[in-house]
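S.K.: These protein sequences, in sequence, are chains A and B. Residues in the first sequence are numbered from 3 upward in steps of one, following my numbering. Residues in the second sequence are numbered from 4 upward in steps of one, following my numbering.
These are calculated hints, taken from the structure and not from any lab test. Misleading hints may appear alongside valid ones.
[Stated by the list, open to error] Just the calculated beta-carbon pair ranges, DEER-fashion:
#1 A/S168 <-> B/G113: 42 to 48 Å
#2 B/G113 <-> A/V141: 55 to 61 Å
#3 B/L146 <-> A/T209: 44 to 50 Å
[What the hints assert, rightly or not] Footprint (simulated), chain B over chain A, 3 or more residues, beta carbon under 8 Å:
#4 61–75
#5 290–303
Virtual Cβ for every residue (Gly too), placed ideally from N, Cα, C.
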Amino acid sequence: MLQFLIKRLIGLIFVIVGITFITFIMGYLAPGDPIRAQMGDHFDYHTWLMLRHAYGLDLPWYQQYYNYLVHLAHLDFGMSFKYQNRAVWDILKDGVPVSLELAFWGLIVELLLGIPIGILSAIRANSWIDTLNMGVALVIYALPPFVIAILAQVIIVWIDGKTGASWPSSSWGAPWQYDWTDLQPKIVPILVYGAAGYAYFARLARTTMLEVLRQDYVRTARAKGLHERVVIYWHALRNALIPLVTVLGVAIGLLVAGTFFIEQIFNIPGIGRISLQSVIDLDYPVIQATVVLLAVGVVVGNLISDILYTIVDPRIRLE
Amino acid sequence: MSMDAQHRPSEAGGESFVVPNAGLQPPPAELLELAAGVSEAPPSAIPPGEEETQLERRGPSPLQESLRRLRRDKRAMVSLGLIIFFMLVAFFGPPIYQHIGGVYESPQNGPVPASVYHSYYHEELIRQDEGPSAQYWLGTDDLGRDILARLMQGMLVSIIVAALVEVVDILLGLIVGVLAGYFGGWIDQLLARFTDLMFAFPGLLFAIMLTGIIGPGASDALAKLPVIGPNGNGRLLLVSLALAITVWPLMARYVRGQTLQLKEQQFIEAARTSGSSNLRIIFRHIIPNLMSIVVVASTLNISNTIIGEAGISLLGLGVQAPGSSLGLMISDATPYINTHPWEILVPTTVLALIVLAFSFLGDGLRDAFDPRSKD
Numbered sequence: 003m004l005q006f007l008i009k010r011l012i013g014l015i016f017v018i019v020g021i022t023f024i025t026f027i028m029g030y031l032a033p034g035d036p037i038r039a040q041m042g043d044h045f046d047y048h049t050w051l052m053l054r055h056a057y058g059l060d061l062p063w064y065q066q067y068y069n070y071l072v073h074l075a076h077l078d079f080g081m082s083f084k085y086q087n088r089a090v091w092d093i094l095k096d097g098v099p100v101s102l103e104l105a106f107w108g109l110i111v112e113l114l115l116g117i118p119i120g121i122l123s124a125i126r127a128n129s130w131i132d133t134l135n136m137g138v139a140l141v142i143y144a145l146p147p148f149v150i151a152i153l154a155q156v157i158i159v160w161i162d163g164k165t166g167a168s169w170p171s172s173s174w175g176a177p178w179q180y181d182w183t184d185l186q187p188k189i190v191p192i193l194v195y196g197a198a199g200y201a202y203f204a205r206l207a208r209t210t211m212l213e214v215l216r217q218d219y220v221r222t223a224r225a226k227g228l229h230e231r232v233v234i235y236w237h238a239l240r241n242a243l244i245p246l247v248t249v250l251g252v253a254i255g256l257l258v259a260g261t262f263f264i265e266q267i268f269n270i271p272g273i274g275r276i277s278l279q280s281v282i283d284l285d286y287p288v289i290q291a292t293v294v295l296l297a298v299g300v301v302v303g304n305l306i307s308d309i310l311y312t313i314v315d316p317r318i319r320l321e
Numbered sequence: 004m005s006m007d008a009q010h011r012p013s014e015a016g017g018e019s020f021v022v023p024n025a026g027l028q029p030p031p032a033e034l035l036e037l038a039a040g041v042s043e044a045p046p047s048a049i050p051p052g053e054e055e056t057q058l059e060r061r062g063p064s065p066l067q068e069s070l071r072r073l074r075r076d077k078r079a080m081v082s083l084g085l086i087i088f089f090m091l092v093a094f095f096g097p098p099i100y101q102h103i104g105g106v107y108e109s110p111q112n113g114p115v116p117a118s119v120y121h122s123y124y125h126e127e128l129i130r131q132d133e134g135p136s137a138q139y140w141l142g143t144d145d146l147g148r149d150i151l152a153r154l155m156q157g158m159l160v161s162i163i164v165a166a167l168v169e170v171v172d173i174l175l176g177l178i179v180g181v182l183a184g185y186f187g188g189w190i191d192q193l194l195a196r197f198t199d200l201m202f203a204f205p206g207l208l209f210a211i212m213l214t215g216i217i218g219p220g221a222s223d224a225l226a227k228l229p230v231i232g233p234n235g236n237g238r239l240l241l242v243s244l245a246l247a248i249t250v251w252p253l254m255a256r257y258v259r260g261q262t263l264q265l266k267e268q269q270f271i272e273a274a275r276t277s278g279s280s281n282l283r284i285i286f287r288h289i290i291p292n293l294m295s296i297v298v299v300a301s302t303l304n305i306s307n308t309i310i311g312e313a314g315i316s317l318l319g320l321g322v323q324a325p326g327s328s329l330g331l332m333i334s335d336a337t338p339y340i341n342t343h344p345w346e347i348l349v350p351t352t353v354l355a356l357i358v359l360a361f362s363f364l365g366d367g368l369r370d371a372f373d374p375r376s377k378d
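Whenever a hint applies, use it, and build me the whole structure from the sequences.
M.R.: Given below as structure tokens:
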């Protein structure tokens, strides 16, 4: 186990170095001078030289990259190009709780919708419930989240128009606060996030549950004369959840990345919107920081899923 | 109809390798046999020399079997029909549409022929946000541009990007995957590391980053290109490239896995014993056998590509106005969702239909070519 962890941590470091290198080199080779672009009409040669020096852009590329890595190791993402007295983290930090909140509740909705629907479909395999469930899941699984978000928004607007209500269709409340005014704008984006992702869990839950129901020990349990409910919820369900747990880790890693378009459509001030704004502003340090943060999320998520696997299924040993 | 299912991805694949496409240019029977045979019944794969006599005795080839299964799959066939319909509309719709309708006496622009007001970029500023009419079949957007014309252009953009991405995806995926799987060694290591890296980039982020950073410079540089450059379409190339870079490692991984399996099989061993060179084995025996997995994987990937392009344009980083793309139409219509929901519903619905059609066709192809993979 320890050996495995060390191996994975080395892999993690490798991936982070690779990702920082790719993002760094893209910014470095990008056409146009970032400082020049930020200064716009206020261009002045001396200020330009000074700023280049202040950001370390006058150094050779390997020196720049080395400095970047050293700063990163101290969890310092550098200074923004656009807002010259603000650190990158200062810009991102308001968005992080918002995105995490959206992603967290979104995942809860995904699980609460997906797993029961999948299990129900497996128990009633090939009945009309199963066909309906899986048909809906198939369509939703194939659709991009932003299409679902737009359709939800159109529906809100339509209901508002019909009833004269004014349900907010784009905004966000104070993060992790649940007064009605804070909660109200959050409900629909969270439901959309959940709806966009539930289908994956539903399909997976159905497949694994069907697999488990075919096993010998389920037949044995039935043969013993156990109540069908006990067989399903006690013997089968627990084993069907094992693969789901591992997928959960991966899902956690991708959580925040999944909020990107939903934030855009619902006008939510999370890190997705911040990083998009930084792409438009050509504020490379902010872009790099977001990419690194999200990529670390993915890799750590994978690691968590591997570890969870050994915990829920002791037969598996990590090497 | 089912021939077209084979036809489309093979177009994307270029001419550098043989495609199991009986409709277009019948390849030798043994290739057909092998192409579909591996995924279905590996043990029965037979040294190519004996194939001819075997085929006569055995009735329908595995490829024919697969196509028969595909034809029976209603969902896949409906999707295929829809895709063909969309492609016809995208390619032939605009020229036909521009010949329909008389000269319009615009109070603002004077007489305007149909070929202008039915183009995707013409703005008729006093005819904003109209509903469907005889002149504008699907109405106009906030700048008085014809929604149907923009929609058809957007579909064309989706299809072109999908084709470009698949060309790169298949070429790179095949070359790297086969080399890694067949020879192993450092190529394999490099591929494994690189795929790890690319998989750690969350989804579209890499493409968003690349188009965002290089985009402004690239659209200036690419605008000078003759056909694809002007009207803000230049960035399409960049978007396609960015998407292709993110997808090919997955294809390479599939191809590598299949190549590893193939290389252990008896007919390869037979070919090697009979003195075939590595190059000949790869081109004559390995690559033809990879076709079913490549076709299935690239079809399934097309819907992701179309979503990717629409998403990037939606964020304002893809096709620029006055060009059109489904994503750009959605983003243009977002501010008017309260007053004119029609304008956002049209491109969203069409995008959803295209994506669903490709994804269902991909599922159908997978089930048809590899029945064991079901569930």
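S.K.: Does each hint fit the structure? Answer for all of them.
M.R.: So, going through the hints one by one against the coordinates:
Between A/S168 and B/G113 the C-beta distance comes to about 44 Å, which sits within the given range of 42 to 48 Å. The hint said 55 to 61 Å for the Cβ distance between B/G113 and A/V141, and at roughly 48 Å that hint is violated. Range check, B/L146 to A/T209: about 48 Å between beta-carbon atoms, so the 44 to 50 Å window is met. For the region 61–75 of chain A, the stated coverage by chain B is violated: 0 residues have a C-beta nearer than 8 Å to a C-beta of that chain, whereas at least 3 were required.
Check on the region 290–303 of chain A: 7 of its residues sit with their Cβ under 8 Å from a Cβ of chain B, so the three-residue criterion for coverage holds.
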